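Required output: the full structure, derived from the provided sequences and hints.
Taken in sequence, the protein lines are chains A and B. Using my numbering, you'd call the opening residue of the first sequence number 1 and step up by one each time. Using my numbering, you'd call the opening residue of the second sequence number 483 and step up by one each time.
Everything labelled a hint here was simulated from the structure, so no lab data went into it. No false leads were mixed into what you were given.
Calculated lysine-lysine pairs in the DSSO-like style (CA-CA distance at most 30 Å, straight line):
#1 LYS207/A with LYS61/A
#2 LYS61/A with LYS819/B
#3 LYS543/B with LYS61/A
Sample of chain B residues lacking proximity to chain A, with all beta carbon distances greater than 12 Å (derived):
#4 THR662
#5 HIS665
#6 GLY706
#7 ILE735
#8 TRP781
#9 GLN782
#10 ALA928
#11 THR946
#12 TYR964
Given the structure is predicted, the values throughout are model-derived calculations rather than measurements. Positions of the beta carbon are idealized from the N, C-alpha and C atoms, including for glycine.
Number of protein chains: 2
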Amino acid sequence: MTEQELGITESKEHNPGEWYAEVVQKSGLADYAPMGGFIVTRPRGYALWERLQNHLDGWFKETGVQNSYFPMFIPESYLEREKDIVEGFDPEVAWVTHGGHDELEERLAVRPTSESIITPFIAQWVRSHRDLPMRLNQWCSVVRWEATETKPFFRTKEFLWQEGHTAHATHEDAWEETMTRLHQYERLYEEVMAIPGMLGRKPDHDKFPGAHTTTTIEALMPDGKSVQAGTSHHLGTSFAEAFGIEYTDEDEIERTAHTTSWGLSWRALGALIMTHSDDQGLVLPPALAPTQVVVVPIWQADTEDAVKEYAADLAAELDGEFRVEYDDRDERNPGFKFNEHELNGVPLRIEIGPHEVDDGEATLVHRPDGESEVASRAEIGDAVDDALDTVYAKLYAAAEENLAENVREAHGRGDILGTIGRYGGYVKTGWCGDEDCEAVIKDEIAAEIVMLPLDDDEGAVHDTCGICHDEAEETAYFAKSY
Amino acid sequence: MTEQELGITESKEHNPGEWYAEVVQKSGLADYAPMGGFIVTRPRGYALWERLQNHLDGWFKETGVQNSYFPMFIPESYLEREKDIVEGFDPEVAWVTHGGHDELEERLAVRPTSESIITPFIAQWVRSHRDLPMRLNQWCSVVRWEATETKPFFRTKEFLWQEGHTAHATHEDAWEETMTRLHQYERLYEEVMAIPGMLGRKPDHDKFPGAHTTTTIEALMPDGKSVQAGTSHHLGTSFAEAFGIEYTDEDEIERTAHTTSWGLSWRALGALIMTHSDDQGLVLPPALAPTQVVVVPIWQADTEDAVKEYAADLAAELDGEFRVEYDDRDERNPGFKFNEHELNGVPLRIEIGPHEVDDGEATLVHRPDGESEVASRAEIGDAVDDALDTVYAKLYAAAEENLAENVREAHGRGDILGTIGRYGGYVKTGWCGDEDCEAVIKDEIAAEIVMLPLDDDEGAVHDTCGICHDEAEETAYFAKSY
Ligand SMILES: [Zn+2]
Ligand SMILES: [Zn+2]
Numbered sequence: 001m002t003e004q005e006l007g008i009t010e011s012k013e014h015n016p017g018e019w020y021a022e023v024v025q026k027s028g029l030a031d032y033a034p035m036g037g038f039i040v041t042r043p044r045g046y047a048l049w050e051r052l053q054n055h056l057d058g059w060f061k062e063t064g065v066q067n068s069y070f071p072m073f074i075p076e077s078y079l080e081r082e083k084d085i086v087e088g089f090d091p092e093v094a095w096v097t098h099g100g101h102d103e104l105e106e107r108l109a110v111r112p113t114s115e116s117i118i119t120p121f122i123a124q125w126v127r128s129h130r131d132l133p134m135r136l137n138q139w140c141s142v143v144r145w146e147a148t149e150t151k152p153f154f155r156t157k158e159f160l161w162q163e164g165h166t167a168h169a170t171h172e173d174a175w176e177e178t179m180t181r182l183h184q185y186e187r188l189y190e191e192v193m194a195i196p197g198m199l200g201r202k203p204d205h206d207k208f209p210g211a212h213t214t215t216t217i218e219a220l221m222p223d224g225k226s227v228q229a230g231t232s233h234h235l236g237t238s239f240a241e242a243f244g245i246e247y248t249d250e251d252e253i254e255r256t257a258h259t260t261s262w263g264l265s266w267r268a269l270g271a272l273i274m275t276h277s278d279d280q281g282l283v284l285p286p287a288l289a290p291t292q293v294v295v296v297p298i299w300q301a302d303t304e305d306a307v308k309e310y311a312a313d314l315a316a317e318l319d320g321e322f323r324v325e326y327d328d329r330d331e332r333n334p335g336f337k338f339n340e341h342e343l344n345g346v347p348l349r350i351e352i353g354p355h356e357v358d359d360g361e362a363t364l365v366h367r368p369d370g371e372s373e374v375a376s377r378a379e380i381g382d383a384v385d386d387a388l389d390t391v392y393a394k395l396y397a398a399a400e401e402n403l404a405e406n407v408r409e410a411h412g413r414g415d416i417l418g419t420i421g422r423y424g425g426y427v428k429t430g431w432c433g434d435e436d437c438e439a440v441i442k443d444e445i446a447a448e449i450v451m452l453p454l455d456d457d458e459g460a461v462h463d464t465c466g467i468c469h470d471e472a473e474e475t476a477y478f479a480k481s482y
Numbered sequence: 483m484t485e486q487e488l489g490i491t492e493s494k495e496h497n498p499g500e501w502y503a504e505v506v507q508k509s510g511l512a513d514y515a516p517m518g519g520f521i522v523t524r525p526r527g528y529a530l531w532e533r534l535q536n537h538l539d540g541w542f543k544e545t546g547v548q549n550s551y552f553p554m555f556i557p558e559s560y561l562e563r564e565k566d567i568v569e570g571f572d573p574e575v576a577w578v579t580h581g582g583h584d585e586l587e588e589r590l591a592v593r594p595t596s597e598s599i600i601t602p603f604i605a606q607w608v609r610s611h612r613d614l615p616m617r618l619n620q621w622c623s624v625v626r627w628e629a630t631e632t633k634p635f636f637r638t639k640e641f642l643w644q645e646g647h648t649a650h651a652t653h654e655d656a657w658e659e660t661m662t663r664l665h666q667y668e669r670l671y672e673e674v675m676a677i678p679g680m681l682g683r684k685p686d687h688d689k690f691p692g693a694h695t696t697t698t699i700e701a702l703m704p705d706g707k708s709v710q711a712g713t714s715h716h717l718g719t720s721f722a723e724a725f726g727i728e729y730t731d732e733d734e735i736e737r738t739a740h741t742t743s744w745g746l747s748w749r750a751l752g753a754l755i756m757t758h759s760d761d762q763g764l765v766l767p768p769a770l771a772p773t774q775v776v777v778v779p780i781w782q783a784d785t786e787d788a789v790k791e792y793a794a795d796l797a798a799e800l801d802g803e804f805r806v807e808y809d810d811r812d813e814r815n816p817g818f819k820f821n822e823h824e825l826n827g828v829p830l831r832i833e834i835g836p837h838e839v840d841d842g843e844a845t846l847v848h849r850p851d852g853e854s855e856v857a858s859r860a861e862i863g864d865a866v867d868d869a870l871d872t873v874y875a876k877l878y879a880a881a882e883e884n885l886a887e888n889v890r891e892a893h894g895r896g897d898i899l900g901t902i903g904r905y906g907g908y909v910k911t912g913w914c915g916d917e918d919c920e921a922v923i924k925d926e927i928a929a930e931i932v933m934l935p936l937d938d939d940e941g942a943v944h945d946t947c948g949i950c951h952d953e954a955e956e957t958a959y960f961a962k963s964y
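What follows is the structure in structure tokens.
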């Protein structure tokens, strides 16, 4: 590739959609598949997903979750056993109708989500209160045939995710589970991805089909739109009743279990790319970056040997503790290398030239803002450690500032529309609880109620509904969303 | 469950098929799904697959392989671009014909294997010799609509596997790659699964569609049948030509790449269960066992406190180094616990009773054969380490002995049929290279040529073909197979 082909040409500020697509492709995260709506996840993109998986999977296992694997196909009659599921997913399902040359007797849905195949098995496996809680998870792909424009990781017909499915003795236990998983998602976003999340619940008309409560973690993107970054559903007893999860309690009384389900998809990668990256390309937090540190020697003919020896030695020393690349390619000049590693999101660049060799130092350059610092060669490990912490802190602070500045109050149709139209972000307003009042805003500006506060008892921000001016029951957060 | 429901009732020797199905279900590895040909992999089964994955994935990454993810659907027109693939897989493909309420313009195959979707992307990404070798792998599920009886892990319409796809500059590089992966599969079987493998190649008429050479690792099961335990294909230039993988070499000359593909599926779990397990249930090598050591306290009312304290302390000490379960359930007696942990394949049981407490000892019981040894409490960590090594060695030795005893020579149709019919196992015979000679044996006794020696130049075991008595070109290994 020429340098021009290599670099990002679109502007994040002015053309966020085109910029995003360009970053994803040019930094080698993903390509478009031949079928509309599908993508190919390339090694650098998949490596990010693997690291997210490793963090989350470890936390799941520490908190009693067991991985399993259920069939990717679900018979149509199973999907129909929970009527809300049918209504919720029917228009989005891909159907297998033929196996080899034969038409199947019953159509099989490619799973859009697996409640209707997993719950009947939990029903078989649960007999007594001693079998509860039962916590299963699977890492798999699901298909939802939505006819919208493809946006890699954000909107694809097939996507990778994890789906957890649990059964509990009581409503309270199921609620605790729902919140445990929501907080693990929050931890993933904050600690690993450097993105602050807002926790809330969805309004009744936007809950998961059949759910008692759908909780959500929302992340605000720099373009002012909210991403539903993960969801955790308290399903109440609706699925347990539809599929018969009964258990005998300590007094030998037959009871119905309470279930939950929770999922986080590769949309998290979309939020990650969108939040931190810039017009130079990908920006990654150190915990996720496939390469954390790149060491680039800068030499002339007369300094080549000394610089390369010093740089190689330094890279080797860092190699055990960090994910290091030593870039001593002769066919590329340092400027080309800088651009390439910036495009690919390497959080820290170490430049070694003759001055660094003479002074026993190293120049460390932070990816997010180009800030450079000089470190002593003797303490290079600690310096890199600190610099990576600083890079994380910079990323988190920028995202946090964006969020803090973009939660606004408004009241009255014109005020709400005007505020979202002008600034994006979240607008808090009193809400009467009626879906029709959301529709007034949605029809006008495509913003919707993305969340309500988690605590039902929290008072509404205004006494009256920001739209109809009837009495307000709670606070609604309006935003445009992905 | 009652003790009777818990235990295995079928005999491995007399009813291997029923015994296998019973072990899989009662030890909690898998259940049958509602759709024929599909299974549900339960946590204990999935944990085995995860450990196999971890080993293999680590070795892949150490040898230059990058994980990625390609769509689960392949357009029909893509499948048709490599004609051998169409002919090879067409009868086995599940077809998606509808997305939501609409019929698709082009049918989509649920991937039976991914050469035809991955190779065109490799063609896009490879430009010059500097892009080679390119080594991609994905862990995913595939679907093959074979209308045979379901046997969990051995024969299922959907199965989990990894599929590696690589491109190389030369035929020799591709051959080296093919063998690197075959040897990693061998290592997995031998070191991790305690199963010796036989390496070979498939006869031309049984190669992967379009392949130059299909290599195989075959594992002999105790019932005398061979399992194709993993395959690695040198695809020559057929796929590179069909999908256009061209690169410019060092002299700026355009050349066609050479590709490979290689896969190992959860059939490995089938081989694992079938090889080591017995009439008490599952037997697992320590490297794979979710629980490696179970500590069972055995007490009467007057010794309860002392025994439990001693046992809990011992379990806690082992817990960092091994995967340990401390089974102090009051509602179960020791005999029930022994049976349950044997059923579930825990490699080592540690019994702690009042005698062990008094003498500062522990009784270690090996799962495979019930052999027990007394270890000093003070050196319990080393003793457990040694005992687990011994368990592995016992499992490997038994499998190796079974293999060594069951490779026989035979010559002449009657001799071949009689030897396989009487003993099972492998029969080596001279072979002229004609598929018709295999058919003579296959039609009679359902045994086929499962492999030929890897080295083409190795002389044939007999001068003449064991079936037609024409000149022999090489040695064929006949066996019944899974
Ligand atoms: Zn209202
Ligand atoms: Zn012959």
